[in-house]
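Peer 1: Make a model of the complete structure from these sequences and hints.
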Amino acid sequence: MPTTPDTSPPAELLRVERLAVTLRGPRGPVPILTDVTLSASAGEIVGIAGESGSGKSMTARALLGLLPRGAEVSGTMLFQGRDLSTLDRRGRQRVRGAGIAMVFQDPTAALHPMLSIGRQLTEHMRAHLGVSRREAAKRAVELLDQVRIPNAAKVLRAYPHQFSGGQLQRIAIASALAARPRLLIADEPTTALDVTVQAGILALLESLRAEMGLGVLFVTHDLGVLAALASRTYVYYAGRIVETGPTAGLLRAPRHPYTRALLEARAEDGAVMRPIAGRPVNAAEAPPGCPFAPRCPDREDRCEKSAPVLAYDDGERDGRRGSACLVHGTGGAR
Amino acid sequence: MRRPLVLIALSVLGAWLLLAVLAGVVSPYDPLAQSADTYAPPSAAHWFGTDELGRDVLSRVVHGARLSIPLALAVVVLALLLGGLLGLIAGYVGRAVDEVIMRLTDLVFAFPQIILAMAVTAAFGPSPANAVLALVIVSWPVYARVIRGAVLGIRGENYLGIARMLGVGPITVLRRDVVPNSVGPAVVLATLELGNAVLLLAGLSFLGLGPRPPAAEWGAMIALGAADISKWWVSVFPGLAILTVVLACNILGDAIRDRFDVGHR
Amino acid sequence: MLLRSVLHRSVLHRSAVLRSALLRYVLRRLAIAAGLLLGSTLVGFALVQAVPGDPVAANLSDQALGDPAAVAAFRAKWGLDRPLPMQYLAYLGNLLQGDLGTSQQTGRPVLADLLDHVPATIELVLPAIVLSVVLGTAIGMYAALRQGRAGDQAVRVGALLGLSTPQFWLSVLALYLFFYVLGVSPNGGRLSPQFSPPPRVTGMYSLDALLAGQLDVAWDAVQHIALPVLVLSVVTTATLVRFVRSAILEVLRKDYIAAAYAKGLPARTVLLRHLLRAGLVQIITMTSLAFASMLAGTVLVESVFSWPGVGEYAYASASALDRPAILGVCLFVAAVYIVVNLAVDLLYGVADPRIRLT
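Protein chains in written order, with this note's numbering: chain A, 485 to 818; chain B, 3 to 267; chain C, 7 to 364.
Rather than coming from a laboratory, the hints here were simulated on the basis of the structure.
Ideal Cβ positions, reconstructed from N, Cα and C, are used throughout, including at glycine.
Hints should not be assumed to be uniformly reliable.
[Unchecked claim] If you want the footprint, here are the derived chain B segments under chain C, 3+ residues with CB under 8 Å:
id : segment
1  : 9–22
2  : 95–109
3  : 114–122
4  : 144–152
5  : 196–205
6  : 209–221
Peer 2: And the structure:
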C-alpha cells in the first residue's frame, strides 16, 4: 500500500452523524446512545471520555457492528466514505479487523487462553490479507518486534498465561494491527494494567500513530490520560456527547460543568480526590431535561425542563469547541 | 424456565400426591386381584388393560404412586439427614475429619449409583427397606458436599468466630447459625434429587431388587411388560407414570436452581 | 532493557520447568486414582462383610454348600477364621491376583465371566458415547447460540424429557415400535440365528466380521447394535446438551469471543475454533461422567435387548442374588470408571495449555 505524501491534509477516516442506539429491554426499547456525532482522521488520536455506562464502549461496538441482538441503530457511520450500516454481513466482516480494529480493556480476558499467540496473531491476517502461513508468521514476528516484545519467534508458540498483563496488551495491540486496519479503537487499554506499565502502552500507541498514520479512538474514564495523547476529545455523559474540542483547550478551560467536575475529581497523581456528588446515570435513566442536571452545581430551573443540544463555536464543528449546556453554552468560558 | 411450565409441573406432582392418598377410592379394581381376563388390551372396562395375571393395570399404576412416591421421599429425606449431618461435621470440625468425609464422598462418586445400589441391596437382601437404604448410601455425598460448602461459607463470613468468642458452645452455634443457614441449599438440592430417586428406585425394582411381586411398583410392572413386548400397555402406562413424576421434579428442580443458583454435582 | 532480559530468560527456562510441572501433574493424578482404587476395594470388602448371616452361605451355591471340602476351601481362601484386618488383606490379595470370587450361577470365576461379557458391552458403549458427544455438543451449542428463543426452549424441554425417561422403559418401547410394529429392527441379541459369530479377534462381532471379510454378518451385527445404542445415547445426549449449553453460554460472555468477532473472523471460525476450544475442557470432563452413567445404563438396557454384555451379566446376577458376581461387576465398573477419569485428567493436559505449561 503506497503511503500518501505528507503534504496532503489528513484523510478523514471516520464520520459519525447523529448516531442513536437502543437495546431491546424487557419493557420495550432502552436508549443507549443519543445523537452522537464525531469524527476521526488518519494519524490522529481522538479521546472519548466518560464514566462507565456513559455509552463510550457502546459507540465502539456500534462501529464494529457487534451490538447485542435486538439493537436498533439510526444515524450514519461513514468509514473511509462508506456507510457502515448499509454493508451486508460479509462487508461488515471485512471492515472488522482490516478496517477498524479493537483493543480491549483487560488483555488477560481478551486473548483466548487455549490458542497460541501465533494463532491469535495470524488467523485474521490470513483471512483478510490472503497471505500464506509462512508469510503470516513472518509478519507476526515483525508485529511483535514493532510492539517491542522480544524473542518474537518463540513467543508465537507460547500461550497467554505465560505473559504479564503489560506484555499481553502489547500482544493484543499487535494482533489488532495484524490485518492492517486504518482505525484502532482502544477501549480503556491501560485501565487493567499496573501504573508503571501504562506509560509504555500509551507511548506505543503514540508511535504507531506517528509511524503508520493510524487513526486511534482512545476510550477512557480518565480525562488526564488524554492530555498528552489525544488531539481532540469528546466527553460522554448518559449516552450523549456533552462537550468536545481540542484536548488542550478543553482541559485548560472546560465549559460543561460535568467536564469540570471530572477534572476536579482527579488529583495530580491520578487518584480520585473529590468524587462527583450523586450517581452517574445511563441514557435509559436520564431525566427529561439535561441529563446532568440532578448532579450539577450550576443547575437552573430551565435545565430540568429542556434538554440542551451540543452547540459549536462559529457553527463549525471539526476542531472547534462545543458544549451541550444551557448555562455555560456556546462561547461561555468560565 | 418459564412460569407456565413450573405451574404444570406443580399440578402434576400435586395430582400424583392426591392419587397416592386416594388410591383406594379412585382405582376401579383391587390392584392385586387376578382374573381370567389376562392381557386384555385397553377398553372401557380396563382403561389401561390387564396384565398376564388379569390384574387391572390402571389400578396398579395408581397404587404404584403409594409405593414409589413415599419411598423416593424417604430416600431423599434420609440421604439429606445423613449427608447433611456428615457435611455439617466435615465443615464444622475441619481438618482430618473433613478430609476423611470428603474422601468418602469421592469414593461413592466413583461408583455409578445404580450399580452400587444393586450391590448394596444384593448384600442385604431385596426388600423395599433395603432398596431405600441402598439409595441413601449412594446419594448422601451430594448433600454432604453442598452442606459442607454452606458451612464453610458461613465460617468465611466469620460469624462462627464471633459466636465462639462470645463463649457460646458448639451445639448452640450449630443450632443457631449453621443449621438455619444451610437449610436453603439443602432443600433446593432435595427437590433436584427427588426425580433422580424415583428413577433409581424404579430401576432397582426393574432389576427385581425393590418391592417384590406381587406389589404394584412401577419399575417392577415394566419388567413384567418387558417379558412380552407385544402387550405394550402393560409397560407403557407405568413408564408414563415414572416419566411424568420425574419430569415434573426435574422442571421444578431446574426452576428452583435458576432462582437460587445452587451448584449440583 | 531489564524487561527484555527477564523475558528472554523465562522463555529459555520454560521448557525445562514445564516438563517437571507436567510430570508433577501426572503423578498427582496417578496417586489420586490409586487411592480411589484402593478405596473401592474397601467398599467391596465392607459389602462382603455386610451380608447378614453366614458369608459362606451367602457366597457359595447350594451345591457347593453341600460339599464340606468346598466350604473349607472357601473359608481358607478368604481367611474367614482370622481377624477382620487379616480378612481384608486376604481379600485384597485375592483381588490382586484377579480373583473376584466364583459366580454362584455359572460356577466360574467372576473375572472370567466378566471378560467374556466385556467386548459385547464395548460394542454398545463406544458408538453410543461417540454419538452422544457429537449430538450433545452440536445441539448444546445450537441452544446456547439461540439463547431464549424458540429453538433453545425446544432443546431445553427435549433435554429434560430425555433425562426424565427411564432407560429400561425406553428400551421396551423402542423394541415394541421398531421390532414388533415396524419390523425394521431385530428382536434383540447380537446376531440373527442364521449367522454364526465371526472368528474372535476383538470379541466385537461387527468388527470381527469385517476383519474376516464377512460383510453380511457385519451388517447384521450393526443392525442389532443400532437400537440399544440409540436408547443408551438418549440420556447421555440429554445430559451433555444441558451441560454444553451452559458451558458455551459462559464462554460466549468472554471478551476473547468478542475479540475474535472484532478481528473480522468468519462466524464459523469463531464457533469452531474459539468457542468450542474454550468449552472443550469442560466437555471432556462431562464426557467421563457420562461414561459412568452409560455403563450404569447398560445394566438396565442390555437385559431388555438380550445383549450378553456386562450389564446383562449384572442383571442376571442381581435377579439370582449371585452376590460374588454383583460385587465383581461393581468393583470392575468402578475400576473402569476410575481409569477413564484418570485418562480424562491426563487429556486435560493436552487440551488446556494452562495445565500443560504451568
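Peer 1: Now, for every hint given, state plainly whether the structure supports it.
Peer 2: Results of checking the hints against the structure:
1. 9–22: violated (count 0)
2. 95–109: holds (count 3)
3. 114–122: holds (count 8)
4. 144–152: It is violated: at least three residues are needed, and the segment 144–152 of chain B offers just 0 whose Cβ sits closer than 8 Å to chain C.
5. 196–205: holds (count 4)
6. 209–221: Holds, because 4 residues of the segment 209–221 of chain B bring their Cβ atoms closer than 8 Å to Cβ atoms of chain C.
Checked against the numbered hints given earlier, this structure breaks hints 1 and 4; the rest are met.
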